[in-house]
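Participant: Below, each chain spelled out in residue letters.
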Amino acid sequence: MSTVEERTAPVEHEQLGHHEPKPGEHGWTQTGISSEKLGMWVFLGSECLLFGGLISTYLLYKNTAVEGPTPKDLYDIPFTSVSSFVLLMSSMTMVLSLAALQRGDHHRCRAWLVTTALLGATFISGQVYEFTSFVKEGMGYTTNTASSSFYTLTGFHGVHVCIGILMLMSLFLMSLRGRLPQAKSEVLEIIGLYWHFVDVVWIVIFTVVYLIP
Amino acid sequence: MYLLVALFLAIVTGAEVVLYYVRLDFRLYAPLLGVLAAVKFATVAMFFMHLRFDSRVFRWFFVTGIILAGTVYTIVLLTFHAFNGRA
Chain A
1 MSTVEERTAP
11 VEHEQLGHHE
21 PKPGEHGWTQ
31 TGISSEKLGM
41 WVFLGSECLL
51 FGGLISTYLL
61 YKNTAVEGPT
71 PKDLYDIPFT
81 SVSSFVLLMS
91 SMTMVLSLAA
101 LQRGDHHRCR
111 AWLVTTALLG
121 ATFISGQVYE
131 FTSFVKEGMG
141 YTTNTASSSF
151 YTLTGFHGVH
161 VCIGILMLMS
171 LFLMSLRGRL
181 PQAKSEVLEI
191 IGLYWHFVDV
201 VWIVIFTVVY
211 LIP
Chain B
1001 MYLLVALFLA
1011 IVTGAEVVLY
1021 YVRLDFRLYA
1031 PLLGVLAAVK
1041 FATVAMFFMH
1051 LRFDSRVFRW
1061 FFVTGIILAG
1071 TVYTIVLLTF
1081 HAFNGRA
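From first to last, the protein sequence lines stand for chains A and B.
In this text, residue positions in the first sequence follow the working numbering: the first is 1, and each later residue adds one.
In this text, residue positions in the second sequence follow the working numbering: the first is 1001, and each later residue adds one.
Please keep in mind that the hints were generated in silico from the structure rather than gathered at the bench.
We put the beta carbon where it would ideally sit given N, CA and C, even for glycine.
No false leads were mixed into what you were given.
If you anchor each label on the Cβ, the simulated ranges turn out as follows:
1. Val1018(B) / Lys72(A): 15 to 23 Å
2. Asp1025(B) / Ala111(A): 43 to 51 Å
3. Asp73(A) / Asp1025(B): 17 to 25 Å
4. Gly32(A) / Val1063(B): 15 to 23 Å
5. His106(A) / Phe1026(B): 45 to 53 Å
If you want the footprint, here are the derived chain A segments under chain B, 3+ residues with CB under 8 Å:
6. 44-56
7. 73-85
8. 89-102
9. 194-201
10. 204-213
Put together the whole structure using the sequences plus the hints.
Facilitator: Here is the structure:
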């Protein structure tokens, strides 16, 4: 019987269950670096510029409203803190799902995948509730420049989370149909990278937008 | 170990929220929150995204994106005087 620590211990690349392709085989590269994974990292690097632009726009406009309530007048910090915690924990369940697949434990892999998707859906539900309550308080998308930049930034992040949930559910279905074998754990790892990125972006948004006045 | 990392992240998030309610002087409060966010960001990237164990090439691509975004947008914000309320 293995302990929780043993079951979830980090595994070095060589021990991750990756089959090292030989020259001529599918997936072989001269550098020894997976092209798919490299592509995801390049994409994530470019996403830093997208979110950097949206955060900067919010910082520029947050104090320029001439009428109507601004986001900082309406923030519910305890509520958003719980949402942030939920998204943070979804990163843990995501990595536990990957660790399970690398061990060949498909049942646990699927369980953690669904848990991650549910945590992501909880976060999105919180965001929908927050947006709805803001609109009821009189802060619509076009009320002022601060509200427009706030909704654009957090809305873009929400769309990223939704895309992540769709990818997680696709992986779940693939696993159910036996199309996600242990040897293909890199697919889950790449989707996991996207999910963790969405999480780290929220870490920045939560601090810069919500906590710093 | 992933559970320990998650626990650490939860504690740092809790510390951020406590700081929000303590209302320290802004010159201390803002940098402190910035440091805590950077610690959380780095922890997720290093352990959950496996940057600590994976090829350094991945790390360079990601860090390049962050540095590029940080530099470009800091210049933009400084140009528009975003940090002294004249934006």
